[in-house]
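Residue numbers for the sequence shown, in our numbering: 47 to 265.
What the hints contain is simulated information worked out from the structure, not anything from laboratory work. It is possible that some hints are incorrect.
Here are the simulated DSBU-like cross-link-like pairs (lysine-lysine), alpha carbons at most 30 Å apart as the crow flies [to be verified]:
id, residue 1, residue 2
1, Lys-63, Lys-254
2, Lys-213, Lys-155
3, Lys-254, Lys-111
4, Lys-213, Lys-63
5, Lys-129, Lys-229
6, Lys-150, Lys-63
7, Lys-129, Lys-213
8, Lys-63, Lys-111
9, Lys-139, Lys-129
10, Lys-150, Lys-111
11, Lys-155, Lys-111
12, Lys-63, Lys-155
13, Lys-111, Lys-129
14, Lys-139, Lys-150
15, Lys-139, Lys-111
16, Lys-254, Lys-155
17, Lys-139, Lys-254
18, Lys-254, Lys-150
19, Lys-254, Lys-229
20, Lys-217, Lys-139
21, Lys-254, Lys-217
22, Lys-150, Lys-217
23, Lys-63, Lys-139
24, Lys-129, Lys-217
25, Lys-229, Lys-111
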Amino acid sequence: MSFLSVSDRLLAEYCGKSRACFWGYAGLIEPLETRQLYLFDCSLFNYVTEEHANLSELRVLLSFKAGLSPNDVRFGAQLEYPKLPEAAPCNVKDIESCLSNSFKALDAKIQEYASQVRPERGFLKRLFLPASPERSITRGRYYGLILRRRLLSEMAGNLGYVDGVLKSSVKPVYVLYSVDIFKWDFAALVGENAIRLGAHRTLIDRSKLLSALGVSLSS
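Using the sequences and the hints given, assemble the complete structure.
Okay, here's the thing in C-alpha cells:
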C-alpha cells in the first residue's frame, strides 16, 4: 500500500481537536501529455448523501488536482489514521470505464429531455404565450444537464481522457483527508499542501462517513 506523504506541519494543523483525519483510496493520475497530477476518487463515493448517490459523474466530482509535480511525489507511513475500504480497482481500466459510463448516462438523459423541450407550437404562439410551468421546469433540467456534460468533458480532458481512452498512467494510492466534524470542511493533505475540497462538503453524508470512521459529534 502506498500512502502519500504529509508534512508534520500539516498533521499538526489539520489532524486533532475538531478535525478528523483518515485515508481515502484514490488513483494518482498523470496524463501522458502533461506534468499535472490528479487524484481520482476510489472510496469516498460510497459515503455520499442519498440526494447525490445517483449522479453519473459522482467520482469525477470527488476528484481534484494533486497539487504536486511527478518529481515531488513522496510516500510515507499510515501513522495512526484509519483508512476507508477500497471501493473500486482504481486502475486505468476502472477509471476509463467510469468516465465512459458517466458520459453515456448524461447523454441518455440529455436525449430524453431534448425530445420534451422541442417547440410544439408555431413561432408566433411561442412568442406571445408563456410556457407552462411543467415545460419551464423541463427546460431548466435540460440545460442543467447540458452544463453538467460540458463540465464533465472539461474535467475528463484534464485527466487525459480523449476519444474514449484514458491516455494517462494511474497509480493506486492512499491520500490523507481532513474534515472538521462540526463545520464539515474538507481538505486533502498532500506533501506540504492542504487542498480545500468544496464539493465534498455538499456531496458527503456526515453520518455515513463519521460512522465509518468511528467518530461521534460529541468527540
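Evaluation of the provided hints:
For the hint pairing Lys-63 with Lys-254, the CA-to-CA distance comes to about 20 Å; that is within 30 Å, so the pair holds. A distance of roughly 27 Å separates the Cα atoms of Lys-213 and Lys-155; the hinted pair therefore holds under the 30 Å criterion. Of the pairs offered as hints, the one joining Lys-254 and Lys-111 holds, with about 25 Å between alpha carbons and a cut-off of 30 Å not exceeded. Between Lys-213 and Lys-63, the direct Cα distance comes to roughly 42 Å. Violation of the 30 Å bound is thereby established for this hinted pair.
A threshold of 30 Å between alpha carbons decides the hint, and for Lys-129 with Lys-229 the separation of about 21 Å falls inside it, so the pair holds. Restraint check for Lys-150 and Lys-63: not satisfied, since their Cα atoms lie roughly 43 Å apart, outside the 30 Å limit. Straight-line distance between C-alpha atoms of Lys-129 and Lys-213 comes to about 29 Å, which keeps the hinted pair within the 30 Å bound. A threshold of 30 Å between alpha carbons decides the hint, and for Lys-63 with Lys-111 the separation of about 27 Å falls inside it, so the pair holds.
About 23 Å separates the Cα atoms of Lys-139 and Lys-129, which keeps this hinted pair within 30 Å; it holds. Distance check on the hinted pair: Lys-150 and Lys-111 sit about 24 Å apart at the alpha-carbon level, within 30 Å; holds. Simply put, Lys-155 and Lys-111 have alpha-carbon atoms about 28 Å apart, close enough for the 30 Å limit, and the pair holds. Taking the CA atoms of Lys-63 and Lys-155, the gap is near 44 Å; set against the 30 Å cutoff, the hint is violated.
Among the hinted pairs, Lys-111 with Lys-129 is consistent with the structure: their alpha-carbon atoms are about 21 Å apart, no more than 30 Å. About 16 Å separates the Cα atoms of Lys-139 and Lys-150, which keeps this hinted pair within 30 Å; it holds. Between the alpha carbons of Lys-139 and Lys-111 the distance comes to roughly 20 Å, so the proposed pair stays at or under 30 Å and holds. A C-alpha spacing of about 29 Å is found between Lys-254 and Lys-155, which places the hinted pair at or below 30 Å, so the restraint holds.
Using a Cα cut-off of 30 Å, the hinted pair Lys-139 and Lys-254 holds, with the two alpha carbons roughly 28 Å apart. Simply put, Lys-254 and Lys-150 have alpha-carbon atoms about 29 Å apart, close enough for the 30 Å limit, and the pair holds. Restraint check for Lys-254 and Lys-229: satisfied, since their Cα atoms lie roughly 16 Å apart, inside the 30 Å limit. Simply put, Lys-217 and Lys-139 have alpha-carbon atoms about 12 Å apart, close enough for the 30 Å limit, and the pair holds.
A C-alpha spacing of about 27 Å is found between Lys-254 and Lys-217, which places the hinted pair at or below 30 Å, so the restraint holds. Simply put, Lys-150 and Lys-217 have alpha-carbon atoms about 25 Å apart, close enough for the 30 Å limit, and the pair holds. The hinted pair formed by Lys-63 and Lys-139 fails the criterion: a straight-line CA distance of about 39 Å is larger than 30 Å. Between the alpha carbons of Lys-129 and Lys-217 the distance comes to roughly 17 Å, so the proposed pair stays at or under 30 Å and holds.
Under the criterion of a C-alpha separation no larger than 30 Å, the hint pairing Lys-229 with Lys-111 is consistent with the structure, at around 23 Å.
Checked against the numbered hints above, the structure violates hints 4, 6, 12, 23; every other hint is satisfied.
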